[in-house]
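In order, the protein sequence lines correspond to chains U and G. If you count by the working numbering, then the first sequence holds residues 3 to 162, one letter each, in order. If you count by the working numbering, then the second sequence holds residues 809 to 1151, one letter each, in order.
In case anyone wonders, no lab produced these hints; they're calculated from the structure. Don't be surprised by glycine CBs; every beta carbon is placed ideally from N, CA and C. Treat the hints with caution; some may be incorrect.
What the hints assert, rightly or not - Below 20 Å or equal to it, Euclidean Cα-Cα: the simulated EDC-like pairs (lysine to aspartate or glutamate) are:
hint	chain 1	residue 1	chain 2	residue 2
1	G	K977	G	D1015
2	U	K94	U	D74
3	U	K94	G	E1052
4	G	K999	G	D1017
5	G	K887	G	E1040
6	U	K94	G	E894
7	U	K94	G	E1040
8	G	K1044	G	D1033
9	G	K951	G	D990
10	G	K968	G	D1017
11	U	K94	G	E899
12	U	K94	U	E52
13	G	K1044	U	E52
14	G	K868	G	D908
15	G	K1044	U	D74
16	G	K999	G	D957
17	U	K64	U	E52
18	G	K887	G	E863
As the list claims (entries may be wrong) - A few chain U residues facing chain G, derived, Cβ under 10 Å:
hint	residue
19	S77
20	P97
21	G122
What the hints assert, rightly or not - Facing chain G, according to a computed beta carbon distance under 7 Å, are these residues of chain U, among others:
hint	residue
22	T78
23	D79
24	V80
25	V81
26	D96
27	G98
28	Q99
29	V119
30	A120
31	C121
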Amino acid sequence: MMRQSPNILKQNKLKQWTRITILLLLCLVILFVPFPIPDAPPTDRHIRIEASMFQFTPSEIKINKGDHVTVDLVSTDVVHGFSLDGYNFELKADPGQTSSGSFIANRTGVFRFRCSVACGNLHPFMIGKLQIGPNLLLFRGIILGFLAIIVALLSIKTKK
Amino acid sequence: MKKELLARLIIILFISLAIAIPVIGRLKLSVNHNNVVELHARMPENGGWSLSTIEVKAGKPLKLHITSDDVMHGFSIGKSDQPALEITPGEFVDTTLIFDTPGRYTFYCDRWCGPNHWRMRGTIVVTGDNQTSQPEPQPLFLKLGIDIDSPSDAETIPSKPVSAENGAKFQHLLPEYALQRDTYNATSPAKLWMRLRKESTLANLPDSDLWDIIAWIWQQNTTNDQVINGQEIFAKNCAACHGETGEGDGVMVRGLPVWDPGNHNSGNVMHEATGEGLVRPPDFTDPIHLLGVSPALLEGKIIRGGMGTGMPYWGPIFTNQQIDSLISYLYTFAWNTRAKNSN
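Looking at chain G on its own, in the form it has when it is part of the complex (with noise of 0.2 Å):
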């Protein structure tokens, strides 16, 4: 009777093993999938994002489990300080992200996987009851009114090279309003320069002094460190169209008309509905283009992009501090190309 009660049991355990090992896996795994969120990254051409929109609540830990299915991509959070992920094809890359405050947040890939690299975009949308996140302050080029569609080129530019030093010697003499930051924010250095030059203290100066005068004060109104992490982020994310020395000349613009204004001028000419306005960035050495523009207009382009070009919008990609860190640097081409010129 023993034997027979072992053998029923050893039967018993054998067939709750035989259905317990399948239904234990099949929760593992579904908790698993409930949890991390895999994403592959593709080039645009393929696909782009495997996701287009995560959704996660605030608070609470997303684990992603990124790969790429062709080439190098990258993965980034817009408007964060959190370092760039590499995602190289075949290897899985895992990262958890916690959002604290809800709204939307821009996840991008940062490496260039081709001429529509900046198409890789997706959307992070955390939900969440506590709305307390202020809206943000509109743009500056938006209060002001600006218009960044409209030809922007500089009145006058300086006929030969300007040097800050030279400029600093005048400082006494200029107006109040010559030093301050909004003057700096709203003004084109070529119409701060002939709003400088109506001054009666300044009558006496030559225009080129004039000039170095405005130099400097773009230099007061930016720091070293800023043009430095400037340039980083030209070299990172503009340099593949606008060129590594910002003549316009990148690998991604190869064969690009050049800009020509006849060809946004819809009076009266008839134009291809599409395919049209893919042009070359405008030469940044060329101080005509970049003295004519304002802070505030440079900032504008930025972040919204077009104008009719194939410029991308980096508005929820990059900070106010690194928007003004990259116009700081795209001014020193234009004040540097003069010094250039005269080597």
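Chain U extracted, bound-state conformation (with noise of 0.2 Å):
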């Protein structure tokens, strides 16, 4: 067997800190840097969310930045309310009422909305999502997989 000589192991050991760094740089880098993808123009929607035991239609609603939001909530069958995580906005509405209100969604992300009024046993369970702006937080998440695949590959080359 081949004896390595001292300065060898050394010269090893500092390429592989220099691995280590720059693949926490570009780990810094994925999650940090921001994507050139632009706002689109703010504008008014106006969603009609109808509540019934115990869902929200439609419960996944996408929107930009900025936009003006009016919520219309059309109660079905009980009293439901709708409270969104992240926003300070709440609506009830009876049936056969409508209840309205409308907000700014300045804030980007994915937000979580609730019923807020015990509707039944699977109330806890009648949730929505609304998503303000592109879903970066996957993307990066996805970027970063691809990163740990590709480490993974290569490590397994340099043992060889």
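Assembly of the complex is requested from the two constituent chains, each provided in isolation within its own frame, with the hints serving as guidance.
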């Protein structure tokens, strides 16, 4: 078996450390560098949400940042509520009495909305999703995943 | 000796305490139970109110301890101006009611709690010696002998939008009966139009001006406050089936068939014994429905309900003033549509 000189060992260690730093830097870049996605011009949006036991229709809504959103909450069976996480926005609708409210979507991200009035046994599961702007966290996560795969493949190669 | 006496006294004290505590506790509990009635609200599918009848003596306070077991309900007393209570699941609401006059009162849920919400009613029987309460006067539809089940579409409807302001110009031409309250109550707009059409003083007026007069007469028999009040009542109690715009497309009647007179013509057609009859309410914005009915007929339909449809009976719940307001509001659907179509 060949014996490696201490010099080569030291070099190898240095190489390893530079690799790790580059990797970490890449991770940080992927996580925090702003994507060059242009903001769509803000529009007025009128969203009609029907609440029934135990779902919202539609339950997934995508809007752009800065939109002026008006929500019409229609209940089709019992009294339901609508409360949006991350925003101070609450509605309550009786069947036959549409309740409306509006807010400006000035925070991006994915927010859950929930029924805020106890409406039966599955009430805690009555939730929906409001996505404001592109879901950057998802894209960043996917790229990070790819990076991990590449690193894994490379490490297998260098071991050989 | 003194010590022995003290020891005996202490033992007697402890034994009597051990007996007294549970006895007093039980006494207190039974006193509470006698005074407070615990009432659970549940969706009609889950059993409705836990008590269907509550008995109380006139003048005595009735303490209620109310909670909901499933969804949000309300507690209201029919024909009273007592504000409705909100019954939230998991929370108890306490209220004290005092009934002065003996009789039967209806308590009901006033929040839509499912398709059978209106069935959530119960009775409070107030007993007492002073049977001074006089029987209520008969509603007009019974006095006039109106058959509220027969078809009542308008014989004729205006061909263009009506304007009550224009109708006001011709008020000096009108015969005396046209402005009487009794005429308004007992006659449908279409019938009154046909009656006025035969008047010689109005013979030169075109049909549309005559409709303006009818709209003006209907406006004279109501006030703005009544319409606003009626709108509130409609939104809270009727809109879930009749639709917020009165078009008969409320959230509770989705998927039900549209009413067809053939459904109930039992002359020679066999019908299913049950399950039939639940149909959509008529479109109030189509004047053919509302211009064919008189206020007395509408009152009857609201009080008695039924008519082979899923319409509940509101007699024990609405006061006469509330029904009047509701009727005033209903007619605005028929008059407004024509104006809407012109835009």
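Verification of the supplied hints:
1. A hinted pair counts as satisfied when its Cα atoms are at most 20 Å apart, and K977(G) with D1015(G) qualifies at roughly 15 Å.
2. For the hint pairing K94(U) with D74(U), the CA-to-CA distance comes to about 10 Å; that is within 20 Å, so the pair holds.
3. With a C-alpha separation of about 16 Å, the suggested pairing of K94(U) with E1052(G) holds against the 20 Å cut-off.
4. Restraint check for K999(G) and D1017(G): satisfied, since their Cα atoms lie roughly 16 Å apart, inside the 20 Å limit.
5. With a C-alpha separation of about 16 Å, the suggested pairing of K887(G) with E1040(G) holds against the 20 Å cut-off.
6. Straight-line distance between C-alpha atoms of K94(U) and E894(G) comes to about 13 Å, which keeps the hinted pair within the 20 Å bound.
7. Proposed proximity of K94(U) and E1040(G) is supported: the alpha carbons are some 17 Å apart, at most 20 Å.
8. Between K1044(G) and D1033(G) the alpha-carbon distance is near 17 Å, which keeps this suggested pair within the 20 Å criterion.
9. For the hint linking K951(G) to D990(G), the alpha-carbon distance of about 12 Å falls within 20 Å, and the restraint holds.
10. Distance hint between K968(G) and D1017(G) is fulfilled; the C-alpha atoms sit about 10 Å from each other, no more than 20 Å.
11. Between K94(U) and E899(G) the CA atoms are separated by roughly 18 Å; this keeps the pair inside 20 Å, and the hint holds.
12. Among the hinted pairs, K94(U) with E52(U) is consistent with the structure: their alpha-carbon atoms are about 12 Å apart, no more than 20 Å.
13. For the proposed pair K1044(G) and E52(U), the alpha carbon gap of about 18 Å is at most 20 Å, so the pair holds.
14. For a cut-off of 20 Å, the pair hint linking K868(G) to D908(G) stands: about 8 Å separates their Cα positions.
15. Restraint check: the Cα-Cα separation between K1044(G) and D74(U) comes to about 17 Å, which is no more than 20 Å; the hinted pair holds.
16. Note on K999(G) and D957(G): the hinted pairing holds, with a Cα-Cα distance of about 18 Å set against a maximum of 20 Å.
17. Under the criterion of a C-alpha separation no larger than 20 Å, the hint pairing K64(U) with E52(U) is consistent with the structure, at around 16 Å.
18. Between K887(G) and E863(G), the direct Cα distance comes to roughly 18 Å. Compliance with the 20 Å bound is thereby established for this hinted pair.
19. Given hint, S77(U) at the interface with chain G, holds; its Cβ is 7 Å from that chain's nearest Cβ, closer than 10 Å.
20. Given hint, P97(U) at the interface with chain G, holds; its Cβ is 4 Å from that chain's nearest Cβ, closer than 10 Å.
21. With its C-beta approaching chain G no nearer than about 6 Å, G122(U) sits inside the 10 Å limit, and its interface hint holds.
22. Annotation: interface hint on T78(U) holds; nearest CB of chain G at approximately 4 Å, less than 7 Å.
23. At a threshold of 7 Å, the smallest CB-CB gap from D79(U) to chain G is about 6 Å, leaving the interface hint in force.
24. Interface restraint check: V80(U) against chain G, minimum CB-CB distance 4 Å, threshold 7 Å, status holds.
25. Among the interface hints, the one on V81(U) holds; its C-beta lies about 4 Å from the nearest C-beta in chain G, closer than the 7 Å criterion.
26. A hinted interface residue such as D96(U) counts as satisfied when its beta carbon comes closer than 7 Å to some beta carbon of chain G; here the least separation is about 6 Å, so the hint holds.
27. Interface restraint check: G98(U) against chain G, minimum CB-CB distance 3 Å, threshold 7 Å, status holds.
28. Interface hint status for Q99(U): upheld, as the beta-carbon distance to the closest one in chain G is roughly 5 Å, under 7 Å.
29. The beta carbon of V119(U) comes within 6 Å of a beta carbon in chain G, closer than 7 Å, and the hint placing it at the interface holds.
30. Satisfaction of the interface hint for A120(U) is found here, the shortest Cβ-Cβ separation to chain G being roughly 4 Å, below the 7 Å cut-off.
31. Because the smallest distance between the Cβ of C121(U) and any Cβ of chain G comes to about 5 Å, under 7 Å, the interface hint for this residue holds.
This entry satisfies every hint, going by the numbered hints stated previously.
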